[in-house]
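Number of protein chains: 2
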Amino acid sequence: MVGGGQLARMTHEAGIPLGIRFKLLSDTLQDSAAQVVGDVVAGDYRDLATLRAFAQGCDVLTFDHEHVPTEHLRVLEADGVLVRPGAEALVHAQDKGVMRARLDALGVPSPRHRIVRDPADVAAFAAELGARADGGAADGFPLVLKTVRGGYDGKGVWVVDSADDAAVAEPFRAGVPVLAEEKVDYVRELAANVVRSPHGQAVAYPVVESRQVDGVCDTVIAPAPGLDRDLALRAEQLALRIAKELGVVGHLAVELFETRDGGVLVNELAMRPHNSGHWTQDGAITSQFANHVRAVLDLPLGDPRPRAPWTVMCNVLGGDYPDMYGAYLHCMARDPQLKIHMYGKDVKPGRKVGHVNTYGDDLDDVLERARHAAGYLRGTITE
Amino acid sequence: MVGGGQLARMTHEAGIPLGIRFKLLSDTLQDSAAQVVGDVVAGDYRDLATLRAFAQGCDVLTFDHEHVPTEHLRVLEADGVLVRPGAEALVHAQDKGVMRARLDALGVPSPRHRIVRDPADVAAFAAELGARADGGAADGFPLVLKTVRGGYDGKGVWVVDSADDAAVAEPFRAGVPVLAEEKVDYVRELAANVVRSPHGQAVAYPVVESRQVDGVCDTVIAPAPGLDRDLALRAEQLALRIAKELGVVGHLAVELFETRDGGVLVNELAMRPHNSGHWTQDGAITSQFANHVRAVLDLPLGDPRPRAPWTVMCNVLGGDYPDMYGAYLHCMARDPQLKIHMYGKDVKPGRKVGHVNTYGDDLDDVLERARHAAGYLRGTITE
Numbered sequence: 001m002v003g004g005g006q007l008a009r010m011t012h013e014a015g016i017p018l019g020i021r022f023k024l025l026s027d028t029l030q031d032s033a034a035q036v037v038g039d040v041v042a043g044d045y046r047d048l049a050t051l052r053a054f055a056q057g058c059d060v061l062t063f064d065h066e067h068v069p070t071e072h073l074r075v076l077e078a079d080g081v082l083v084r085p086g087a088e089a090l091v092h093a094q095d096k097g098v099m100r101a102r103l104d105a106l107g108v109p110s111p112r113h114r115i116v117r118d119p120a121d122v123a124a125f126a127a128e129l130g131a132r133a134d135g136g137a138a139d140g141f142p143l144v145l146k147t148v149r150g151g152y153d154g155k156g157v158w159v160v161d162s163a164d165d166a167a168v169a170e171p172f173r174a175g176v177p178v179l180a181e182e183k184v185d186y187v188r189e190l191a192a193n194v195v196r197s198p199h200g201q202a203v204a205y206p207v208v209e210s211r212q213v214d215g216v217c218d219t220v221i222a223p224a225p226g227l228d229r230d231l232a233l234r235a236e237q238l239a240l241r242i243a244k245e246l247g248v249v250g251h252l253a254v255e256l257f258e259t260r261d262g263g264v265l266v267n268e269l270a271m272r273p274h275n276s277g278h279w280t281q282d283g284a285i286t287s288q289f290a291n292h293v294r295a296v297l298d299l300p301l302g303d304p305r306p307r308a309p310w311t312v313m314c315n316v317l318g319g320d321y322p323d324m325y326g327a328y329l330h331c332m333a334r335d336p337q338l339k340i341h342m343y344g345k346d347v348k349p350g351r352k353v354g355h356v357n358t359y360g361d362d363l364d365d366v367l368e369r370a371r372h373a374a375g376y377l378r379g380t381i382t383e
Numbered sequence: 001m002v003g004g005g006q007l008a009r010m011t012h013e014a015g016i017p018l019g020i021r022f023k024l025l026s027d028t029l030q031d032s033a034a035q036v037v038g039d040v041v042a043g044d045y046r047d048l049a050t051l052r053a054f055a056q057g058c059d060v061l062t063f064d065h066e067h068v069p070t071e072h073l074r075v076l077e078a079d080g081v082l083v084r085p086g087a088e089a090l091v092h093a094q095d096k097g098v099m100r101a102r103l104d105a106l107g108v109p110s111p112r113h114r115i116v117r118d119p120a121d122v123a124a125f126a127a128e129l130g131a132r133a134d135g136g137a138a139d140g141f142p143l144v145l146k147t148v149r150g151g152y153d154g155k156g157v158w159v160v161d162s163a164d165d166a167a168v169a170e171p172f173r174a175g176v177p178v179l180a181e182e183k184v185d186y187v188r189e190l191a192a193n194v195v196r197s198p199h200g201q202a203v204a205y206p207v208v209e210s211r212q213v214d215g216v217c218d219t220v221i222a223p224a225p226g227l228d229r230d231l232a233l234r235a236e237q238l239a240l241r242i243a244k245e246l247g248v249v250g251h252l253a254v255e256l257f258e259t260r261d262g263g264v265l266v267n268e269l270a271m272r273p274h275n276s277g278h279w280t281q282d283g284a285i286t287s288q289f290a291n292h293v294r295a296v297l298d299l300p301l302g303d304p305r306p307r308a309p310w311t312v313m314c315n316v317l318g319g320d321y322p323d324m325y326g327a328y329l330h331c332m333a334r335d336p337q338l339k340i341h342m343y344g345k346d347v348k349p350g351r352k353v354g355h356v357n358t359y360g361d362d363l364d365d366v367l368e369r370a371r372h373a374a375g376y377l378r379g380t381i382t383e
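Chains U and E are the protein sequences, given in the same order.
1 is the number of the first residue of the first sequence in the UniProt record's numbering; add one for each residue after it.
1 is the number of the first residue of the second sequence in the UniProt record's numbering; add one for each residue after it.
Calculated from the structure, these hints are not laboratory results.
We put the CB at the ideal spot given by N, CA and C, even for glycine.
Listed below are the simulated BS3-like cross-link pairs for lysine-lysine, each with C-alpha atoms no more than 25 Å apart in a straight line:
1) E:352 - E:23
2) U:345 - E:23
3) E:23 - U:23
4) U:23 - E:345
Chain U side only, calculated, beta carbon under 8 Å to chain E, not exhaustive:
5) 35
6) 302
7) 329
8) 332
9) 333
10) 344
Please build the complete structure, drawing on both the sequences and the hints.
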């Protein structure tokens, strides 16, 4: 696996019972996954020679993140390395422009969008959106600008409220392509997680509700409460169809907006285990990490169904205090059913350092327990 | 952790979400746990200097097996190393003579037993058993001889049917102390698993039924089917009491015989995660491995309750074919709910190379699925 973050850490954990020998390419030997994996190479995933040397002796190469240059992946594939997901699929999770164009071609519902090169393009796009708007934002603003490559967790995303805002928008300073999108007035965010194997076998996890705070995933509720059953089925089928059409191997997370007219729009794609699937570790028969491993090795996939009526995941973000140990003890003592997942990272304010899962029959209780633990660990709840 | 077997492998797996940095002393770098742990020292656990060097920088030392010499543990404790369980507790899992004497002093019900030095001692003990027997085995035979130290999985145990048998019994050849025990005519074998922390917090898992084949654990059913509720409670309380009286820190497995008069006798003690607790990985809220880690680090313990009405564990033993890969694929494809746990060991006939867990509402179904998978992986079932 390329990338030493928490996704690799948890993928290794899930591979142990499957008997998998896990090899890691990590930036440093101190990274989250590097602390717990036996066979670690420290190196730069942007360097082709490093990737080629690492791939030697791997049965299959997969990823903790989307940042390995697409051209390097193509070279590795030409070398005969089994890259899963392959470059042709992964590029859709790396490049939002490529993703939008492909989803348009497939007729997949997305927010209205355009690749823009400069503020004048943004103004023209906004005018078109405004002309089509039925009341409200008749000038087309606010709209969203995203760097086509490299964003995550709210990074690389800007909301601009006017043509004046757009005129000084940060992403244009770097001269990189930018994707402009309408700012969707959604009901809530959902995520449809599926896993697909080279065999073409695929499984769908229940559609979840994902709540963001400041652009970072805060809470995931599985399944999404009160979600219309037909809409849930359509979202699952949409994700399965995208996985198939794009040739995804492994885990695919489809981030969705639930719209006020009872539909969904695709927001983002991720082709790796995803924060919206962390609940599966304790809440599903087979976790997203185990199924990702099974898929990339072309093993039969495991049952994705939930084990409890409700599972809630809350991210643990770093707070003002670097030492979480006292809070960690408190949370375990307060709730013996709590499932804590720590990433071995130094605590920095706002940094994802872990998550907690809770499950049970009563959503209010399950939600309260997860929120309390995450808040207590961060230091925003002190009782 | 000292010892690189599957128990260490699965303890590391359980420590990852807790954020634990795991260090391993393993015989070789190819051992089961050494394949998946980052920080591994290859060395001999019987060598005091090796143990002392390994313990440097460990917050706490715990064990995958009982074979570290007690006197070395005492030296480490005198050095200031936190050894958990400590030597004073662990000796009861290392030395069956010490264990029997202590349990007798505590009034814990055990099979009748005596330390014997030679065949004449065995004959005298058998005569006493015979004199007290109410019919049946009036000569006191058959009885069981066990080496006081070093046995496991049926190794170090002999059943002798007569004084003539005893006269040529293998354990006397080595001149080591031998424990003679009556051969209990039990209904079935049970196991009571508990975990205790230095704080004195303790949790009890449901009492399970353990079925042995040729002295090796074959199937564990959780909870033990049809077990009288009062007897289950008494068995749990007995295990908790033993853990407290012996000062156990970590996991304690108490292997029991269920007797025909509705009681239990203590067969063996193990102070580490135990085969009779493997079902907890998929069947309990908190696994025995996670609770062992929590206990030895004096973290609050996790909820031991089951997540499903029935969980069954079957060991996967090596069969005649060294390559299990085809069977592994078949089992995953046949039962997407199957939980496979492989140890990364080379397949040898009769060797424990993994286990499977199944769970659900219908015991017959759960049992059939686990047995089928274990049999198919071994090669004794081919359809």
